[in-house]
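Chemist: One letter stands for each residue in the lines below.
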Amino acid sequence: MARVASALFSRLVIIIPYAWLLFFFLIPFFIVFRISLSQTAVAMPPYTPVFDLFGGLSGIMEKAREFSLDNYVWLTEDVLYFNAYVSSVIIAGISTILTLMIAYPVAYGMAKAPKSIRPTLLMLVILPFWTSFLIRVYAWIAILKPEGLLNQFLMSINVIDQPLIILNTNWAIYIGIVYSYLPFMVLPIYSSLEKMDHTLTEAALDLGCTPFSAFWQVTFPLSLAGVVAGCLLVFIPAVGEFVIPDLLGGSETLMIGKTLWNEFNANRDWPVSSAVATILLLILVIPIVFFQNAQAKADSEGR
Amino acid sequence: MGNWSRFNIASIVLGFGFLYLPIVLLVVFSFNESKLVTVWAGFSTKWYTQLWHNQALLDAAWVTIRVALISATCATVLGTLAALALVRYTRFRGRMLFSGMVYAPLVMPEVITGLSLLLLFVAIGLDRGFWTITLAHITFTMCFVAVVVQSRLLSFDQSIEEAAQDLGATPVRTFFAITLPVIAPAVFSGWVLAFTLSLDDLVISSFTTGPGATTLPMKIYSQVRLGVTPEINAICTILIGIVAIGVIVASVVTKQREAQREKDERAAFAQ
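Chains as they are written, first to last, in numbering that gives the first Met the number 0: chain V, 0 to 302; chain G, 0 to 270.
Please keep in mind that the hints were generated in silico from the structure rather than gathered at the bench.
There could be a bad hint or two in this list.
Claimed, not checked - Calculated pairs, DSS-like style, for lysine-lysine (alpha carbon to alpha carbon, straight line, at most 27 Å):
| hint | chain 1 | residue 1 | chain 2 | residue 2 |
| --- | --- | --- | --- | --- |
| 1 | G | K34 | G | K218 |
| 2 | G | K218 | V | K114 |
| 3 | V | K194 | V | K114 |
| 4 | G | K34 | V | K114 |
| 5 | G | K45 | V | K194 |
| 6 | G | K45 | G | K218 |
| 7 | V | K296 | V | K194 |
| 8 | G | K34 | G | K45 |
| 9 | G | K262 | V | K194 |
To be verified - Derived contacts from chain V toward chain G, CB cut-off under 8 Å, selection only:
| hint | residue |
| --- | --- |
| 10 | V3 |
| 11 | S5 |
| 12 | L99 |
| 13 | G239 |
| 14 | F241 |
Since the structure is predicted, the reported quantities are computational estimates derived from the model, not experimental observations.
The C-beta atom is built at its ideal place from N, Cα and C for all residues, glycine as well.
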């Protein structure tokens with residue numbers, strides 16, 4: 000009896016979340032792919048053919064013949080989409096590098112801080128992550144506007160005499176992404192630096208390394224796992240970012256998340272937005288698998 | 000590791016200044032007398048009073064809180080199960096796929112998650128609105144809960160569980176009597192994380208909503224598009240206040256519980 004209960008318990012522990020994720024996470028991707036092969040129609044839902052799940056296999060085969068690659072052809076014909084993909088990857092890449100450059104010294108300083116204040120510092124890094132993303136992006140509008148707080152400040156100390164145009168440019172997007180994703184970069188780097196065996200750096204210094212080369216030859220390589228995890232945590236979501244380019248970027252800023260949103264909400268073109276999403280997913284699949292492997296490896300090390 | 004140099008302190012101060020200054024400015028200007036959010040014209044709480052009379056906004060806030068409460072609770076149950084499955088059962092068919100599905104939503108761009116869930120809801124003929132937002136939120140927040148709980152389970156001494164089972168406790172009883180109390184702080188912080196993620200979400204909610212269900216972030220977003228006003232600063236300040244108090248309370252509770260537990264464990268071993 001106890002045996003049966005035990006087996007049942009372990010089954011349920013696996014099956015319930017597994018089934019949930021299969022149904023609400025994995026299957027939807029197949030539906031997205033399926034609809035990307037459909038035609039736009041003025042109907043609800045706005046595409047044909049509409050799948051009838053209860054039509055049996057023959058019904059599905061019949062409908063499948065109506066599938067076409069038209070939406071993908073359309074994406075390659077309009078250079079707008081290609082440019083949006085490329086510029087999303089470039090913007091996300093530049094932002095990731097900037098985030099790393101700011102986050103690393105902060106994480107390093109935290110790892111070097113006296114042990115007693117480290118939990119407080121950690122808490123202070125995590126706290127903004129709990130406050131709304133939308134609010135944090137919104138806060139920058141008032142700062143970056145031509146008549147905003149940054150320009151007022153710089154003009155009052157006579158650094159500039161003409162307001163800087165930052166809002167609605169790519170610079171505003173970089174600032175927005177760096178700002179919003181900074182904790183995601185600081186935390187993994189901090190945890191890999193904190194775990195590090197510091198006698199190694201001391202040994203390098205004792206053996207005549209300059210502090211600079213000891214950092215680059217010992218400390219940095221040992222923190223690489225954290226750096227990689229942090230970069231992936233920033234880069235992948237940043238490629239598909241919508242809120243930041245929409246609120247801080249200009250009208251000519253091309254990012255694929257914004258394109259998808261407009262295709263869907265303004266043009267009501269579900270098949271094309273599905274095709275846009277499918278290609279975005281294909282672009283991100285390699286970094287995502289990379290991230291999953293890094294996570295799984297970190298877990299098995301934690302065992 | 001000794002020498003905390005001036006450079007280290009400077010980078011922390013600058014980094015934290017960068018993280019907090021925009022939020023501080025936002026809060027300060029919510030008390031601005033003037034309609035402009037960039038020119039200070041004296042202290043006033045009139046924007047807060049004005050909020051109180053904005054019925055549409057209060058309705059949206061109520062919808063948001065209900066979605067967050069329900070979805071965080073379900074996500075905590077599912078996420079805890081997922082974490083148990085990942086840590087306790089290292090071998091089962093499709094484990095690779097399972098761990099992939101737990102980690103992928105953490106980085107998946109929201110536009111993709113939102114679109115794919117919407118298309119699922121349309122395909123199965125579910126009426127869009129309150130419940131579809133809730134289901135969507137459960138799905139993406141449960142993975143964050145799973146990661147938080149998983150890290151606690153990994154540092155958990157399994158021999159206590161084995162002892163309970165050797166003494167004849169059923170797995171279910173072992174779970175509720177031994178495992179759950181030990182991982183409770185992590186489960187609780189998982190719940191708080193799920194709650195705040197749900198409270199914040201704009202993109203996934205916008206895709207999966209239907210007529211009649213407008214959440215606070217959707218409301219804020221549509222107002223922001225019309226321009227920056229102190230009224231929005233006031234809503235944001237209230238939200239920041241709620242979250243800050245919640246997080247601080249959560250961390251104090253967690254710390255106290257952990258200290259208590261350590262004391263108990265020491266006492267148990269001393270006997």
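Chemist: Next, verify each hint and record whether it holds.
Modeler: Hint check results:
1. Proximity of K34/G to K218/G is assessed by CA-CA distance (about 19 Å); at most 27 Å being required, the pair is judged to hold.
2. For the hint linking K218/G to K114/V, the alpha-carbon distance of about 43 Å lies beyond 27 Å, and the restraint is violated.
3. For the suggested pair K194/V and K114/V, the alpha carbons sit about 13 Å apart, so the restraint of at most 27 Å is met.
4. A C-alpha spacing of about 46 Å is found between K34/G and K114/V, which places the hinted pair above 27 Å, so the restraint is violated.
5. Proximity of K45/G to K194/V is assessed by CA-CA distance (about 50 Å); at most 27 Å being required, the pair is judged violated.
6. About 20 Å separates the Cα atoms of K45/G and K218/G, which keeps this hinted pair within 27 Å; it holds.
7. Between the alpha carbons of K296/V and K194/V the distance comes to roughly 16 Å, so the proposed pair stays at or under 27 Å and holds.
8. Of the pairs offered as hints, the one joining K34/G and K45/G holds, with about 11 Å between alpha carbons and a cut-off of 27 Å not exceeded.
9. With a C-alpha separation of about 25 Å, the suggested pair K262/G and K194/V falls inside the 27 Å cut-off, and the hint holds.
10. Violation of the interface hint for V3/V is found here, the shortest Cβ-Cβ separation to chain G being roughly 10 Å, above the 8 Å cut-off.
11. Checking S5/V against chain G by beta carbon gives a least distance of about 5 Å; that is within 8 Å, so the hint holds.
12. The closest approach between the C-beta of L99/V and any C-beta of chain G is roughly 13 Å, which is over the 8 Å cut-off, so the hint fails.
13. The beta carbon of G239/V is positioned within 8 Å of a beta carbon in chain G (closest approach about 2 Å), and the interface hint is therefore held.
14. Because the closest C-beta pair between F241/V and chain G is about 5 Å apart, less than 8 Å, the hint holds.
Hint violations for this structure: numbers 2, 4, 5, 10, 12, all remaining hints satisfied.
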